[in-house]
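Peer 1: Going line by line, the protein sequences match chains A and B. According to the numbering used here, the residues represented by the first sequence are 1003 to 1351, in order. According to the numbering used here, the residues represented by the second sequence are 1003 to 1351, in order.
Among the hints, a few may not be true.
Each pair may be met inside one copy or between any two copies, as identical chains are not told apart.
To be verified - Here are the simulated EDC-like pairs of lysine to aspartate or glutamate, each with C-alpha atoms no more than 16 Å apart in a straight line: (1) Lys-1251 x Asp-1294; (2) Lys-1342 x Glu-1328; (3) Lys-1251 x Glu-1060; (4) Lys-1066 x Asp-1082; (5) Lys-1251 x Glu-1291; (6) Lys-1314 x Glu-1074; (7) Lys-1251 x Asp-1218; (8) Lys-1019 x Glu-1199; (9) Lys-1262 x Glu-1313; (10) Lys-1066 x Glu-1321; (11) Lys-1347 x Glu-1060; (12) Lys-1251 x Glu-1328; (13) Lys-1019 x Glu-1291; (14) Lys-1251 x Asp-1072; (15) Lys-1066 x Glu-1025; (16) Lys-1186 x Asp-1260; (17) Lys-1251 x Glu-1343.
No wet-lab data here; the hints were simulated from the structure.
Given next are the chains, with one letter for each unit.
There are 2 protein chains.
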Amino acid sequence: MAIQVSDLSSFCVTALKAAGLNERDARTTAEALVLTDTWGVHTHGTKNLRGYIRRIREGGIHGKAQPHVDSEGLAWAIIDGDGAIGMVASGFAMNVAIEKARQTGIAYVGLHNSCHFGAACVYANLAAARGMIGIAMSNDTPTVAVPGSRQAVLGSNPISYAIPVEGSNAILLDIATSTVAGGKVFAAAAHQQKIPEGWLIDDLGAPTSNPALFPDHATLTPMSGHKGYGIALLIETLSAILTGAAVMKNVLSWSFGDPKVPTNHGAAFIAIDIGAIMVSPLFQGRLQEAIDQLRNAPRAPGCDRIYLPGEKEWEHRKESLTHGLELPPEIIASLHDLAKELSLKWTLY
Amino acid sequence: MAIQVSDLSSFCVTALKAAGLNERDARTTAEALVLTDTWGVHTHGTKNLRGYIRRIREGGIHGKAQPHVDSEGLAWAIIDGDGAIGMVASGFAMNVAIEKARQTGIAYVGLHNSCHFGAACVYANLAAARGMIGIAMSNDTPTVAVPGSRQAVLGSNPISYAIPVEGSNAILLDIATSTVAGGKVFAAAAHQQKIPEGWLIDDLGAPTSNPALFPDHATLTPMSGHKGYGIALLIETLSAILTGAAVMKNVLSWSFGDPKVPTNHGAAFIAIDIGAIMVSPLFQGRLQEAIDQLRNAPRAPGCDRIYLPGEKEWEHRKESLTHGLELPPEIIASLHDLAKELSLKWTLY
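With the hints as extra help, turn the sequences into a complete structure.
Peer 2: Have a look at this one:
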């Protein structure tokens, strides 16, 4: 049954306020999670609300946190997330990057003392909404092998970007640097499906198609081998080594780790002010030329249309806003359990 | 037979000067190409010298070019490469990024009116040599399909980075955003070897293992499908759409295109001044902690050692400097032909 997007947002705000967040932080978090669900990316949306709230109630996420600038220069800043929920700390950090880029053309903002930030492109998209190219990335608790290892060494360290397109939605990419995101393996395990060889290796380093082994007895493989490994290590450097966040195995799992202990995730945000560098109509004309080349490329048999990065997700969002959101039953169940835990009225239908 | 690295450098400088470059530009170019060969990356080293010099002699590369800043702000600049050989224009651009990052913490420098720049990590490494994180990327003439297309739409748009490591060589990654670089397909064709399915699709969009079809009747696949496509489009944006360079199919092939016509490749360079953001010993200690986690990860059967990105290449360079460089015979032959074309004495052995 379809849920109205505004109803889902209200439920999230109510739940987060009941857990101790103020109105503004509850809205920021709810917007991030519901936006992600409307894109159809259910692994990173309200599915995780119950887990985040568990951490808030146990103390591993500070509900009253006040993220702030720790140190800064002309075109950079390091933000102390103060143990905030990842959406609040990350939104704060990207907004600092946007303000600084307005002065200098490009800015880098690193974040420590944060938690899992959900979908990276939520923050990249904040920059695109201000006419800038946004780039967002994060480290995470290790779930991915490196070439030659048989256990997880790096997180699935996602990277995302957004490029504003005049009169349309932003071009938006958000990818894990593992072959697939862990969420897809969990989903296969939940549905008792086999997974393709190449996604996971087992404890002995051999490929396995059994998703139930993950994460205790299997680890994700890096995207394209040494390529994903290399990109993940750059993300670890910009998100954690250079920011003061926990590095690699020192990052606690936000979902499996002790909910009383902060995870100390790190993240990095880059904003590039297009208008400072090239007059906007010229940039948009040149971008449109690239888009036309993509859309008009000769298609392979069976392909009706070539999509821009993020285009399917924006169409899913439009559909969700018009006809409501079809959340998977396990997410509805999780939200229902959360309502009971917080003694909230169940308002979703 | 092994060639002394210094002899190879001298030969390149002599050849480039004979083609009309001044001493400084000839040295810059020779250093880039020979450094690449010493890393063992022969697809992007002196193999291409003859082709670059052909372009210089025909006018498609300006031997007397003077790259210069076209426009700039606090933390960014756009460079007009003036049609220079890619190594000269790109070295100039990265050096501007390094100078600006020293003032602001991070800088973005875009380059237009350049040519093929060889191995991206040559320029990323310039930043690492000054204690900065360097990122370098470029667009190129289309050789790579996007999901759903059956012809090339984007270039193999490489991206590279370098991170300085105290007391050791920089961590260095340099990857094409195609499944494999075109050079590997050409190498397989030259040796009449089949290639794995997944590297190429033919004119009808079907996988092929025949490297001889490339590039006229086959196109490279993007790395990890939509992931490589998405990253390549960001690289196109930062290297070309935002810099004024030719976009996608408007980039001429440096090797197959009319050598009289400039290719107008674009590129982008980012430098991040580590020391401005975190005191260097602290950063290096934290980086070492990450390196230790990588090196000490439990290994898969048959794996003796876990390598850092670039580590194999640096070891190849050390070996080359000590015992000389073993260049593939087709590269020796190409350099020999070049010597004849320029009426140079053959000094390599």
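Peer 1: Compare the structure with each hint and give your call.
Peer 2: These are the hints, each one checked on the structure:
1. Lys-1251 x Asp-1294: Answer is between: at 11 Å across copies they meet the 16 Å cutoff, but 44 Å inside does not.
2. Lys-1342 x Glu-1328: neither (21 Å within a copy, 71 Å between copies)
3. Lys-1251 x Glu-1060: neither (22 Å within a copy, 56 Å between copies)
4. Lys-1066 x Asp-1082: within (14 Å within a copy, 50 Å between copies)
5. Lys-1251 x Glu-1291: Only across copies: Lys-1251 and Glu-1291 sit 10 Å apart there, 44 Å inside one copy, limit 16 Å.
6. Lys-1314 x Glu-1074: neither (38 Å within a copy, 36 Å between copies)
7. Lys-1251 x Asp-1218: within (14 Å within a copy, 47 Å between copies)
8. Lys-1019 x Glu-1199: neither (43 Å within a copy, 53 Å between copies)
9. Lys-1262 x Glu-1313: For Lys-1262 and Glu-1313, the Cα distance exceeds 16 Å both inside one copy (39 Å) and across copies (40 Å).
10. Lys-1066 x Glu-1321: Classified as neither: same-chain Cα gap 35 Å, cross-chain 57 Å, threshold 16 Å.
11. Lys-1347 x Glu-1060: Classified as neither: same-chain Cα gap 22 Å, cross-chain 77 Å, threshold 16 Å.
12. Lys-1251 x Glu-1328: Neither: 36 Å inside a copy, 41 Å across copies.
13. Lys-1019 x Glu-1291: Cα proximity of Lys-1019 and Glu-1291: none, with 46 Å in one copy and 39 Å across.
14. Lys-1251 x Asp-1072: Classified as neither; 24 Å inside a copy, 45 Å across copies.
15. Lys-1066 x Glu-1025: within (11 Å within a copy, 63 Å between copies)
16. Lys-1186 x Asp-1260: neither (23 Å within a copy, 48 Å between copies)
17. Lys-1251 x Glu-1343: Intra 31 Å, inter 57 Å, cutoff 16 Å: neither.
When each numbered hint is compared with the structure, violations occur for hints 2, 3, 6, 8, 9, 10, 11, 12, 13, 14, 16, 17.
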